[in-house]
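Asker: What follows is each chain in one-letter form.
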Amino acid sequence: MRPFTYERATSAEDALNRHDGDAYYLGGGTNLVDLMRLGVETPARIVDVAHLPYDQVQLNPDGGVLIGAAVTNSALAADRTVREGHPMLAQAVLAGASGQIRNMATVGGNLLQRTRCSYFQDIAKPCNKRDPGSGCPAIEGEHHNLAILGHSQACVATHPSDMAVALAALDALVHIRGRAGARVVPIEDFYRLPDDAPERDTVLDPGDLITAVEVPLLGMPSRYRKVRERASFAFALVSIAASLDVVGGLVRDVRLALGGVAHRPWRARRAEEALRGAPATPDAFRAAADAELAEAEPLRDNAYKVPLARNLIVQTLTELEETS
Amino acid sequence: MDSEATPVHADLTLVVNGREHRLNVDTRASLLDVLREDIGLTGSKKGCDHGQCGACTVLIEGRRANACLALAVAHDGAEVVTVEGLADGERLSPVQEAFIENDAFQCGYCTPGQLCSATGMLDEVDQGWPSAVTADVSTEPVLDDDEIRERMSGNLCRCGAYVGIVAAVRAGARSREAAEA
Numbered sequence: 001m002r003p004f005t006y007e008r009a010t011s012a013e014d015a016l017n018r019h020d021g022d023a024y025y026l027g028g029g030t031n032l033v034d035l036m037r038l039g040v041e042t043p044a045r046i047v048d049v050a051h052l053p054y055d056q057v058q059l060n061p062d063g064g065v066l067i068g069a070a071v072t073n074s075a076l077a078a079d080r081t082v083r084e085g086h087p088m089l090a091q092a093v094l095a096g097a098s099g100q101i102r103n104m105a106t107v108g109g110n111l112l113q114r115t116r117c118s119y120f121q122d123i124a125k126p127c128n129k130r131d132p133g134s135g136c137p138a139i140e141g142e143h144h145n146l147a148i149l150g151h152s153q154a155c156v157a158t159h160p161s162d163m164a165v166a167l168a169a170l171d172a173l174v175h176i177r178g179r180a181g182a183r184v185v186p187i188e189d190f191y192r193l194p195d196d197a198p199e200r201d202t203v204l205d206p207g208d209l210i211t212a213v214e215v216p217l218l219g220m221p222s223r224y225r226k227v228r229e230r231a232s233f234a235f236a237l238v239s240i241a242a243s244l245d246v247v248g249g250l251v252r253d254v255r256l257a258l259g260g261v262a263h264r265p266w267r268a269r270r271a272e273e274a275l276r277g278a279p280a281t282p283d284a285f286r287a288a289a290d291a292e293l294a295e296a297e298p299l300r301d302n303a304y305k306v307p308l309a310r311n312l313i314v315q316t317l318t319e320l321e322e323t324s
Numbered sequence: 001m002d003s004e005a006t007p008v009h010a011d012l013t014l015v016v017n018g019r020e021h022r023l024n025v026d027t028r029a030s031l032l033d034v035l036r037e038d039i040g041l042t043g044s045k046k047g048c049d050h051g052q053c054g055a056c057t058v059l060i061e062g063r064r065a066n067a068c069l070a071l072a073v074a075h076d077g078a079e080v081v082t083v084e085g086l087a088d089g090e091r092l093s094p095v096q097e098a099f100i101e102n103d104a105f106q107c108g109y110c111t112p113g114q115l116c117s118a119t120g121m122l123d124e125v126d127q128g129w130p131s132a133v134t135a136d137v138s139t140e141p142v143l144d145d146d147e148i149r150e151r152m153s154g155n156l157c158r159c160g161a162y163v164g165i166v167a168a169v170r171a172g173a174r175s176r177e178a179a180e181a
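Residue numbers (my numbering), protein chains in the order written: chain A, 1 to 324; chain B, 1 to 181.
So that you can see chain A by itself, here it is in the shape it has in the complex (with noise of 0.2 Å):
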């Protein structure tokens, strides 16, 4: 491993002066040392930003809550707020990795983690992402877990957070401190498809830094679920996070996100637009799934994803639908 400087941020001014532009944010680091360790980050200097005062999960007058960015996925998980108010959002979270993880992550550092893909996290392969130019192997190669949507030539890759599925599917805010001061971006806008330039996962400029994440309150029944190759401690295959209110037999309002199909969580606007007031119905539901998924390209051998993720949404759907 490089070495590297630490130094331990005091405040958010504190850490936008200590960042040189090249510098690495360190909150749990569960993702940034093992990257470290493989040799995929080399930083030069790290500013610890775990210590900063966003700690807290505060409910806002709309109903809704902000979550500072240093939050641990545990504190986020076990919050009674989110639990009541956002099940779906608490579900991502614990779905995600493992109790002992869970601890460390911070909110702002699972926004930040990088792709699974098993040619990004070896520096003896060509990645786009990693190394931009270099090539990418996995279209052509082991790409079982990698992406069905959103996709370009140059990156095929999915991003792993649970969570930021959730927070998809709730419109959630992020809230971001950066040289021209503060501003926040939805989170839809905050995570970027590959296109020609892979290396960037976010809109984030060098030295940003999150500070929060605002979730609106969302006043209807919601679930996170998630399908994967053993029952825990293991990455999405397709996961889904949804919401739906049924009004007179109705669709009246539904949210739809997926995760491990697309370089960011794919918000499922198509099939909501489908589905708003349409009968709440399974063929209503399937029907949507089409619509979302007309657009799916498929590599060589991960065609099964898409009814994967038609049969997600639809099963998923029918529960919510059966409940409220």
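Calculated directly from the structure, the hints in this document are not laboratory data. Quick reminder that beta carbons are idealized off the backbone N, C-alpha and C, glycines included. Any given hint might turn out to be false.
[As the list claims (entries may be wrong)] On the chain A side, residues computed to face chain B include the following (Cβ under 10 Å):
hint : residue
1    : T10
2    : N31
3    : I46
Put chain B on the given structure of chain A with help from the hints.
Answerer: Chain B only, in chain A's frame:
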């Protein structure tokens, strides 16, 4: 050697199993390596060194964590409990007793991590934390075998002593309750 390759050292204070240690460590050192190499507590084990196997599990500020993924310098001032600190003198903790009584290990390499993880996990359950198998996350979880398996999924056992581990955690939880009653 260019200047970039020169190791950087930093002062570090850790309170481990109640005893304070003042150290000067390479910033790259994991908490696991500092515990084992600098402090001489070799109970915590290095398995995968990637946070996947749980053999390095310790309690940091009372919470179970992978010591291999923790940069030691990031935990300056922290209280750490390792497997060596679970017993009260010669008296084993309820979870340790239960591991012996329920044949919860074979080679023993993963056991220090299993013990620390189970101890931290039972505290989490006492505080009402839900898990991925809790049917309704708004309710208080009940620690059945499915809950134990899910909550212990960050600890692998290559001998495959899982059946004994689940029984031991179940028994350890009961004797903790009895001790508190």
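Asker: Look at each hint and say if it fits the structure.
Answerer: Going down the list of hints, with the structure as the test:
no. : hint : result
1   : T10  : violated (13 Å)
2   : N31  : holds (9 Å)
3   : I46  : holds (8 Å)
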